[in-house]
Amino acid sequence: MNAAPWQLTLSEASRQIEAQRLSPVDLLASCLERIGSVDGALRAVASLDRDGAIQAAEMATRDIAKGRYRGPLHGIPVAFKDLIDVESQVTSANSYICDGSPAKEDAFVVGRLRAAGAIILGKLNTDEFALGAADGGQPLPPVHNPWNLDRAPGGSSTGSAAAIGGRLLPAALGTDTGGSIRRPAAWCGVVGLKPTYGRISRRGIIPLAPSLDHVGTFTRAVEDAAILFNVMAGPDVRDPTTAQVPVVDCRASLQRGVKGLRIGFVRHYHEQDPTLDPAVMTGMSAAAAVFQDLGAQVEDVELPTPASARAAFTVITLAEAYAFHAESLVSRWNEYGSLTRHRFAVGAFLSAADYLRALHARREIADAVSGVLRRFDVLLSATAANTAVRFNSAGRDDLLKGAGLTSIFNLSGHPAISVPAGFARDGMPFGLHLAARYFDEETLLVAAHAYEQATNWGTRLPPH
Amino acid sequence: MTIGVEGVPTNSEMIRLLGPQPSPQEFANLRESVALLRSILQDLPTGIDDLDPGHLFPLRCPE
Numbered sequence: 052m053n054a055a056p057w058q059l060t061l062s063e064a065s066r067q068i069e070a071q072r073l074s075p076v077d078l079l080a081s082c083l084e085r086i087g088s089v090d091g092a093l094r095a096v097a098s099l100d101r102d103g104a105i106q107a108a109e110m111a112t113r114d115i116a117k118g119r120y121r122g123p124l125h126g127i128p129v130a131f132k133d134l135i136d137v138e139s140q141v142t143s144a145n146s147y148i149c150d151g152s153p154a155k156e157d158a159f160v161v162g163r164l165r166a167a168g169a170i171i172l173g174k175l176n177t178d179e180f181a182l183g184a185a186d187g188g189q190p191l192p193p194v195h196n197p198w199n200l201d202r203a204p205g206g207s208s209t210g211s212a213a214a215i216g217g218r219l220l221p222a223a224l225g226t227d228t229g230g231s232i233r234r235p236a237a238w239c240g241v242v243g244l245k246p247t248y249g250r251i252s253r254r255g256i257i258p259l260a261p262s263l264d265h266v267g268t269f270t271r272a273v274e275d276a277a278i279l280f281n282v283m284a285g286p287d288v289r290d291p292t293t294a295q296v297p298v299v300d301c302r303a304s305l306q307r308g309v310k311g312l313r314i315g316f317v318r319h320y321h322e323q324d325p326t327l328d329p330a331v332m333t334g335m336s337a338a339a340a341v342f343q344d345l346g347a348q349v350e351d352v353e354l355p356t357p358a359s360a361r362a363a364f365t366v367i368t369l370a371e372a373y374a375f376h377a378e379s380l381v382s383r384w385n386e387y388g389s390l391t392r393h394r395f396a397v398g399a400f401l402s403a404a405d406y407l408r409a410l411h412a413r414r415e416i417a418d419a420v421s422g423v424l425r426r427f428d429v430l431l432s433a434t435a436a437n438t439a440v441r442f443n444s445a446g447r448d449d450l451l452k453g454a455g456l457t458s459i460f461n462l463s464g465h466p467a468i469s470v471p472a473g474f475a476r477d478g479m480p481f482g483l484h485l486a487a488r489y490f491d492e493e494t495l496l497v498a499a500h501a502y503e504q505a506t507n508w509g510t511r512l513p514p515h
Numbered sequence: 029m030t031i032g033v034e035g036v037p038t039n040s041e042m043i044r045l046l047g048p049q050p051s052p053q054e055f056a057n058l059r060e061s062v063a064l065l066r067s068i069l070q071d072l073p074t075g076i077d078d079l080d081p082g083h084l085f086p087l088r089c090p091e
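Chains as they are written, first to last, in our numbering: chain L, 52 to 515; chain H, 29 to 91.
It should be emphasised that the hints constitute simulated quantities derived from the structure, not laboratory data.
Every value quoted in this text rests on a predicted model; they were computed, and no experiment measured them.
Ideal Cβ positions, reconstructed from N, Cα and C, are used throughout, including at glycine.
Careful: at least some of the hints might be erroneous.
[Claimed, not checked] Interface residues of chain H toward chain L, partial, derived using beta-carbon atoms under 7 Å:
#1 I43
#2 G47
#3 S61
#4 D71
#5 L72
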């Protein structure tokens, strides 16, 4: 029996659409039906542009039938973390602070996807302004993990991770300031890509900490991430942080394989984490063995520890986030959720000297990571030391108490990806984290794809 | 910025930065968190030698 269209990955659906065995209208209808049956429990969706999406899918279906196929995103439904502007839709940031005015234009990434023929389906839930946590003070209810409704999906791209994990649609975008794409991707059993800082424009996206923020992808397969990356990467004259670096076709080189690739196994990252789940450790050793079997050279390597990066990450995040919210905190304190306003307010008590010291530490950390990446092509570790935490278990000072295993690559700006790597005894998925040199997403995706093809952890269906 | 003798802000400093809307309990919670933050700050480099101008600029990945 053929799989229902909602079960297809982006690249599978794309191949069927190109061959005219599946129409964009049928794919969208299947996704909407899936959303209708599952999202009452997950709460991943913030808002849908149902009419606009149906209209776009009908147009795509007609165009493809007339031979005007625009490429692998033509007719593919995509949704966005609700910090990302979509023209004529409200960007809520899941906060009462946002005034409800529709965005005047698409964010850069939305415009690129729309131009490539993607169907802009709507917005996905998020932690309030990407730093808060569900406490009843937000317009949207908290999101549940599709693998177990009593677990959190991971933040802050909660809705994007749960939507892709729950098979609501083939692709979503999120943002990542300290791991907000990669950790929820790992906890929801999907692929999460954070490209190099400066690789993809953040124009039209509400910032958390602009010098750490990245925009990236949630998909079910690495090939899907490569398709989205190809379309979105490249300079934007209206985002001065984007780099003038040529973009290679990352999808075309996916089959290159990892033979001869030098992979550094950052074993101490998870080994030293007090929350380590033994299954994660076993899974990472197994992943290293998979790469060796595929012909890569794997060696243990040391990076600056997450604990050593914590101070720099915390200070930069809180200082930059506070700068963005300072006026609203004074004038509209009670309109933020209580956890959100508390976290932002802590940044008010940092000095300029604190911030400069953090930038200094950051440069040292980035240099150390770059130094290791002169000897290795790819770095391997766990995305998180444990599986998804209990639903609604966020605390006031979570950010101050630990920076996770992912934030070091926000400090350094190197590209990184999380790929499904197994299931723990609690039945929850965990992820393999890979990082590569600046602007070498090609090697990063080649390695991730080789591992995925050898293991296929991402193909299992969640119960919800 | 001036902070209180224990390294955490006084009520008047909190009101100056955040306005009068936070409740007394929220000020108390903030005081605890700021104390935690200040303990983390001890892990950052200090001193003129460490603050080389080459290290002060925000991230720009080498192109």
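Right, here's what the structure says about each hint:
no., hint, result
1, I43, "violated (10 Å)"
2, G47, "holds (4 Å)"
3, S61, "holds (5 Å)"
4, D71, "holds (4 Å)"
5, L72, "holds (4 Å)"
Checked against the numbered hints above, the structure violates only hint 1.
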